[in-house]
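Protein chains: 2
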Amino acid sequence: MKFKLAERMEHLKTSEIRELLKLTEQPDLISFAGGLPAPELFPIEEIKLISLKVLSNEGTNALQYGPTEGYTPLRKLIAEQRMKAVGVNTTFENILITSGSQQGLDFTGKIFLNKDDVVICESPSYLGAINAFKAYMPKFVEIPMDDNGMIIDELEKALKKFPNAKFIYTIPDFQNPTGKTLSYERRIKMLELAEKYNIPIIEDSPYSELRFEGETIPSIKSLDKKGLVIYLGTFSKTFCPGLRLGWICAEPEILSKYIIVKQSADLQTSSISQREAAAFMQTYNLNEHIDKIRAIYKRRRDLMIEMIKQEFPNNVKYTLPQGGLFIWVTLPENVDATELLKIAIENKVAFVPGNSFFPNGGHTNHFRLNFSNMTENKIIEGIKRLGKILKENI
Amino acid sequence: MKFKLAERMEHLKTSEIRELLKLTEQPDLISFAGGLPAPELFPIEEIKLISLKVLSNEGTNALQYGPTEGYTPLRKLIAEQRMKAVGVNTTFENILITSGSQQGLDFTGKIFLNKDDVVICESPSYLGAINAFKAYMPKFVEIPMDDNGMIIDELEKALKKFPNAKFIYTIPDFQNPTGKTLSYERRIKMLELAEKYNIPIIEDSPYSELRFEGETIPSIKSLDKKGLVIYLGTFSKTFCPGLRLGWICAEPEILSKYIIVKQSADLQTSSISQREAAAFMQTYNLNEHIDKIRAIYKRRRDLMIEMIKQEFPNNVKYTLPQGGLFIWVTLPENVDATELLKIAIENKVAFVPGNSFFPNGGHTNHFRLNFSNMTENKIIEGIKRLGKILKENI
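Read top to bottom, the protein sequences are chains W and U. Position 86 (the first sequence) corresponds to 86 in the UniProt record's numbering; numbering is contiguous. Position 394 (the second sequence) corresponds to 394 in the UniProt record's numbering; numbering is contiguous.
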């Protein structure tokens, strides 16, 4: 039976890339494609103890329905620990727990976007955000980046040109997919523009606590005196993604809209997962755990960069991220990374072709490499395989 | 800062009822307002053992990202156990795991509804479904019910009159809020109409396994030979709501749309919760657990009905549900249940006024009572308090 669907479904199709990436699930394939954290760092033994503690002390509440806003002690811990770590002074009233920060992206689209409204984002930008917003049928205006992130003059041109722009979407720290970081000066200027044009900034910040070197740059939210920034945080990269725990930090007036939308979307995030994350933060030191993650990811990034230097041809460029999970590779302009991926899969190695990250298409000569999920031996072997493919095919 | 929001946000407002119901969170108040299961039946000790088992045997996968479709063993168990229990022969390929069945409602709106499209539903219908659909700005066409559920002649009139109707939304078993059940004959006729008008039926089935007496009526999905039914299931009422686990059972062509929408909405449901539910079903007998729930809810329903007979004035009518969680009370036409609720809260007892369940408003002379969540002593005392208020105020 063929049913009549909503118009938005024409914009939400399974991508060729997604189908290709399904082929990467072979056990002997070295995949730099996902955005997965290193599973060997998951604190399994600690979570066992925590689970018992939560079920013993508050089993009934952990298994019952709870408030849409989230479990208050977890909201408090996020305000006091995670938001403080990115320089934001806030309280639990400004925190809504979401089912991963992906849900915060979907809600942002739902709250702000009518059909044909404009979303301003980095070029390229996070694939999952693009897809979340596409469900609300906006136009995307892509702002070019250089090594310091979004180019602010280009941003102002876009704000002037598109008065129906509804928000600026940015991943300021170790951006997905480029690994680039927005400079301090540009954060200040972005805030000035947001105020001038009365437009919110969606600061998507999954990687900000994963800096390996260089000085920490304050989050845009921490510099925001006017309530212009809606901050999306997550435990997926600093704790574990399987629990599906993220949050939104925003001023109560706009946060109340997210709460209404959350209620009709899934009532609330898992009562037990929220209590487990809170108990973990009360019992152990999440900062120390993040230090461990940082140390290992730094080693993997160093190794991947070293191997790229050694194995990739000279006409291939790549970014040098100071943190996060990703390196962005740029090939000569005539090369199609999707075609390369097909060859790569045959040779048991994978990446994500870059054009998926450009909401308006084009830009076929890039790909994204993830360095967090593979062991050092696999990084060495995988980059060798990729280097060989590049040498033979570009 | 006031931002420009999407038009849909005008349809999503905090309701007066929700604000009133916040007042019911006092510990000495007897609340028949929520739709909460009995927490004393949560299998806490069993879930402790299960949690340890899952974390010991597959901790890494339980804490990592997983597939959008859900954890395959859980999808298989749902197909083989839960869907079989409602008479449906299906396989895991037809099952998508959702974060509660509320998420299935939101996705249904997202997949089917353009602005001003028509949703056909029972009058009254589930408040959470109405709110989920409202985000997509449809018109609601309410079909009157009698003791056998939706009146089929009225349904056909609506299908003729509204060719832009996108789906029929029904809760056939022990409906929320009325407790009424759609008869077998009407299920057959509803399917015939769905085929004739090429319109899907959304069968929302949270309570179907909670029948206390009378003969089980096959689910609409089990009678569907043409792939017309999209079935929404949940563990919230038969296991525990805190894990946020529901599912959608539908033919692959339409299920693939739900999967695409799920990916952009929250990537996936909790990896660990899915494994815990699967391990519970593999280790214990969920059917036996449901038997326990049924026995206790039956006692509570019996007691509540007995107390209503004894305490409510004669001009108050009420339904006699054969299962589920709710009794629907009808007052004389001139009585406003919202005004009564204010008096009730002062007297430390609460219910949900009925007009929230009518998407187009009106119908102020009803209220919904929940009998699953309160102990027998509280049912006795609460209905006494309510009876006194009714006698004094109507």
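Among these hints, one or two may not hold up.
Heads up, the list lumps identical chains together, so a pair's fine if it works in one copy or across two of them.
[Stated by the list, open to error] Distance condition first, Cα-Cα at most 27 Å in a straight line; then the derived BS3-like pairs of lysine-lysine: (1) K134 with K2; (2) K160 with K2; (3) K115 with K160; (4) K13 with K226; (5) K160 with K388; (6) K378 with K84; (7) K4 with K225; (8) K53 with K391; (9) K298 with K378; (10) K4 with K196; (11) K2 with K76; (12) K226 with K48; (13) K226 with K298; (14) K226 with K2; (15) K157 with K53; (16) K309 with K225; (17) K76 with K292; (18) K189 with K48; (19) K48 with K384; (20) K4 with K53; (21) K22 with K48; (22) K348 with K160; (23) K160 with K13; (24) K292 with K342.
For the record, the hints were derived by calculation from the structure and aren't laboratory data. These figures come from a predicted structure and were not determined experimentally.
Consistency of the hints with the structure:
no.: 1; hint: K134 with K2; result: both (23 Å within a copy, 24 Å between copies)
no.: 2; hint: K160 with K2; result: between (44 Å within a copy, 19 Å between copies)
no.: 3; hint: K115 with K160; result: within (20 Å within a copy, 30 Å between copies)
no.: 4; hint: K13 with K226; result: between (38 Å within a copy, 24 Å between copies)
no.: 5; hint: K160 with K388; result: neither (47 Å within a copy, 65 Å between copies)
no.: 6; hint: K378 with K84; result: neither (36 Å within a copy, 44 Å between copies)
no.: 7; hint: K4 with K225; result: between (47 Å within a copy, 19 Å between copies)
no.: 8; hint: K53 with K391; result: neither (55 Å within a copy, 48 Å between copies)
no.: 9; hint: K298 with K378; result: within (16 Å within a copy, 59 Å between copies)
no.: 10; hint: K4 with K196; result: between (43 Å within a copy, 14 Å between copies)
no.: 11; hint: K2 with K76; result: between (48 Å within a copy, 26 Å between copies)
no.: 12; hint: K226 with K48; result: neither (42 Å within a copy, 46 Å between copies)
no.: 13; hint: K226 with K298; result: neither (35 Å within a copy, 55 Å between copies)
no.: 14; hint: K226 with K2; result: between (49 Å within a copy, 11 Å between copies)
no.: 15; hint: K157 with K53; result: neither (55 Å within a copy, 57 Å between copies)
no.: 16; hint: K309 with K225; result: neither (43 Å within a copy, 60 Å between copies)
no.: 17; hint: K76 with K292; result: within (24 Å within a copy, 37 Å between copies)
no.: 18; hint: K189 with K48; result: neither (46 Å within a copy, 51 Å between copies)
no.: 19; hint: K48 with K384; result: neither (39 Å within a copy, 46 Å between copies)
no.: 20; hint: K4 with K53; result: neither (49 Å within a copy, 45 Å between copies)
no.: 21; hint: K22 with K48; result: neither (32 Å within a copy, 34 Å between copies)
no.: 22; hint: K348 with K160; result: neither (47 Å within a copy, 57 Å between copies)
no.: 23; hint: K160 with K13; result: neither (32 Å within a copy, 32 Å between copies)
no.: 24; hint: K292 with K342; result: neither (35 Å within a copy, 55 Å between copies)
Consistency with the previously given hints fails for numbers 5, 6, 8, 12, 13, 15, 16, 18, 19, 20, 21, 22, 23, 24, ordered from lowest to highest.
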